[in-house]
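**Q** Here's the letter readout for the chains.
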Amino acid sequence: MKRKIYLSLAVACSMTAVAPSFADPITDNETVRTYFADVFPELAIEDYVDGVYAIDQNLRDQWLQIEEFPPYEDAVDEGKVLFDTPFANGKSYANCFDNEGVGIKQNFPYFDMEKNKVVTLELAINECRTHNGEQPLDYGKGAIAYISSYMASTSSGELINVTVPDNAAAQAAYEDGKEFFYSRRGQLNMACATCHMASAGKRLRADILSPALGQVSHFPAFRSKWDDVGTIQRRYAGCNTQIRSKPFKLQSEQYRNLEYFHTYMSNGLPINGPGTRK
Amino acid sequence: MTKINKLRLVLLLTVPVVLSACSDNDDAAKAVNSTMEQEQAHSKAVNQEAKQTTSKEVHLQDLMHHVAQAKRHAEMHGFVWSTTDALVEKGYTEASKGNEKVAKTIFQEAKLQFELSMEQAKYAAQHWQLLVPEDD
Numbered sequence: 001m002k003r004k005i006y007l008s009l010a011v012a013c014s015m016t017a018v019a020p021s022f023a024d025p026i027t028d029n030e031t032v033r034t035y036f037a038d039v040f041p042e043l044a045i046e047d048y049v050d051g052v053y054a055i056d057q058n059l060r061d062q063w064l065q066i067e068e069f070p071p072y073e074d075a076v077d078e079g080k081v082l083f084d085t086p087f088a089n090g091k092s093y094a095n096c097f098d099n100e101g102v103g104i105k106q107n108f109p110y111f112d113m114e115k116n117k118v119v120t121l122e123l124a125i126n127e128c129r130t131h132n133g134e135q136p137l138d139y140g141k142g143a144i145a146y147i148s149s150y151m152a153s154t155s156s157g158e159l160i161n162v163t164v165p166d167n168a169a170a171q172a173a174y175e176d177g178k179e180f181f182y183s184r185r186g187q188l189n190m191a192c193a194t195c196h197m198a199s200a201g202k203r204l205r206a207d208i209l210s211p212a213l214g215q216v217s218h219f220p221a222f223r224s225k226w227d228d229v230g231t232i233q234r235r236y237a238g239c240n241t242q243i244r245s246k247p248f249k250l251q252s253e254q255y256r257n258l259e260y261f262h263t264y265m266s267n268g269l270p271i272n273g274p275g276t277r278k
Numbered sequence: 279m280t281k282i283n284k285l286r287l288v289l290l291l292t293v294p295v296v297l298s299a300c301s302d303n304d305d306a307a308k309a310v311n312s313t314m315e316q317e318q319a320h321s322k323a324v325n326q327e328a329k330q331t332t333s334k335e336v337h338l339q340d341l342m343h344h345v346a347q348a349k350r351h352a353e354m355h356g357f358v359w360s361t362t363d364a365l366v367e368k369g370y371t372e373a374s375k376g377n378e379k380v381a382k383t384i385f386q387e388a389k390l391q392f393e394l395s396m397e398q399a400k401y402a403a404q405h406w407q408l409l410v411p412e413d414d
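So the sequences go chain by chain: A and B.
So for the first sequence, this note's numbering puts the first residue at 1; every next one is plus one.
So for the second sequence, this note's numbering puts the first residue at 279; every next one is plus one.
Please keep in mind that the hints were generated in silico from the structure rather than gathered at the bench.
Among these hints, one or two may not hold up.
Below, in silico cross-link-like pairs of lysine to any residue (SDA-like), each with a Cα-Cα straight-line distance of 25 Å or less [as the list claims (entries may be wrong)]:
{"id": "1", "chain 1": "A", "residue 1": "Lys278", "chain 2": "B", "residue 2": "Lys400"}
{"id": "2", "chain 1": "B", "residue 1": "Lys349", "chain 2": "A", "residue 2": "Ala169"}
{"id": "3", "chain 1": "B", "residue 1": "Lys400", "chain 2": "A", "residue 2": "Ala169"}
{"id": "4", "chain 1": "B", "residue 1": "Lys349", "chain 2": "A", "residue 2": "Asp176"}
{"id": "5", "chain 1": "B", "residue 1": "Lys400", "chain 2": "A", "residue 2": "Thr194"}
{"id": "6", "chain 1": "B", "residue 1": "Lys400", "chain 2": "A", "residue 2": "Cys195"}
{"id": "7", "chain 1": "A", "residue 1": "Lys115", "chain 2": "A", "residue 2": "Ala172"}
{"id": "8", "chain 1": "B", "residue 1": "Lys368", "chain 2": "A", "residue 2": "Asn240"}
FRET-style restraints, in silico, Cβ to Cβ [as the list claims (entries may be wrong)]:
{"id": "9", "chain 1": "A", "residue 1": "Gln187", "chain 2": "B", "residue 2": "Gln347", "range": "14 to 24 Å"}
{"id": "10", "chain 1": "A", "residue 1": "Asn99", "chain 2": "B", "residue 2": "Ser374", "range": "52 to 62 Å"}
{"id": "11", "chain 1": "B", "residue 1": "Gly376", "chain 2": "A", "residue 2": "Pro86", "range": "18 to 28 Å"}
{"id": "12", "chain 1": "B", "residue 1": "Lys379", "chain 2": "A", "residue 2": "Ala88", "range": "36 to 46 Å"}
{"id": "13", "chain 1": "A", "residue 1": "Asp84", "chain 2": "B", "residue 2": "Gly376", "range": "51 to 61 Å"}
{"id": "14", "chain 1": "B", "residue 1": "Ser374", "chain 2": "A", "residue 2": "Lys225", "range": "53 to 63 Å"}
Every residue, glycine too, gets a C-beta built ideally from N, C-alpha and C.
In isolation and in its complexed conformation, chain A is listed as follows:
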């Protein structure tokens, strides 16, 4: 009997020793939601897809007026034309994606076990092109953002469903994205979390900082500052520049992993992109 106790003790101690020091993704999400529920007790979970427009009524009224004639509509139309235009080999984007590319945005990004990396929608669009003998598109804005906007529009209302499989590399990618999100960087020594967790809802000069939860739901987004639609990674690069950190290349491993973590955070929230932002 005592031998069994000793062995159990030894096994338990060994397991404690090798257990990771970080929380699992599901616990992370619960923690984030609990945190925001304390900060914004008046908001329902689905309200977060509206970003700052769920927090400030004056801004919300202006935003709703803009949404009456959505500035991203041309991008969605242009994206559909591009999406439907066959490649030189006669194939099209529809041949590269599940369900012919319709209503699938909520499943991106995902961890590809064969490629051993996080695949975002924009990366998949370009991989589809190169696989069919076409030149890849520039990331961030222009045609790729239009195609992505169209694909997002076909997922409207679908719930974000990003998974972190029980795989060491996938979990490492998630954890890497999490570390990026919470790491202070740049000359201003700020992390994504500094603005979008700790200071969410507070003013930064004339702007109100949006909560991280729900941010990905409306991308690609038409930003007044850009006067065009852009991808979430274009926004990451912009945020990094604002805190005086040298931005990474769009679709770099760092930004893909960040997008993986950032999107997982919003699991269960509906896709409402493309959206409009300042």
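Knowing the structure of chain A, use the given hints to seat chain B on it.
**A** For chain B alone, coordinates are given in the frame of chain A:
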């Protein structure tokens, strides 16, 4: 084997493993620490060398070399500041115009910024969890 010996054996096997878990088990932090320690040692040597030269004259070429090294290290950690590359570029421009004194001042600032960004990388690797909200 007596009961006490059995207990000793179990403790002997488990204690080192448990202790290893109690130590800083963040591999990334360790890796950065290790690299940073090497870099700091290197940096000290470079600074020592620079100080010796400064008393007389810092050679612009040496400074440019040190900046290039610091840049490589900082980029490796992914914490380069957006302000620094512009400084380096400006330094090269001034150097090409023959404004050696101005170029040196700019390169010194660039080198300092690279070093600070590496310190930031080290801090982030060890302390990023501080910003993660905790469950009550």
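**Q** Which earlier hints turn out false for this structure, listed by number in ascending order?
**A** The structure breaks hints 1, 2, 11, 12, 14; every other hint is satisfied.
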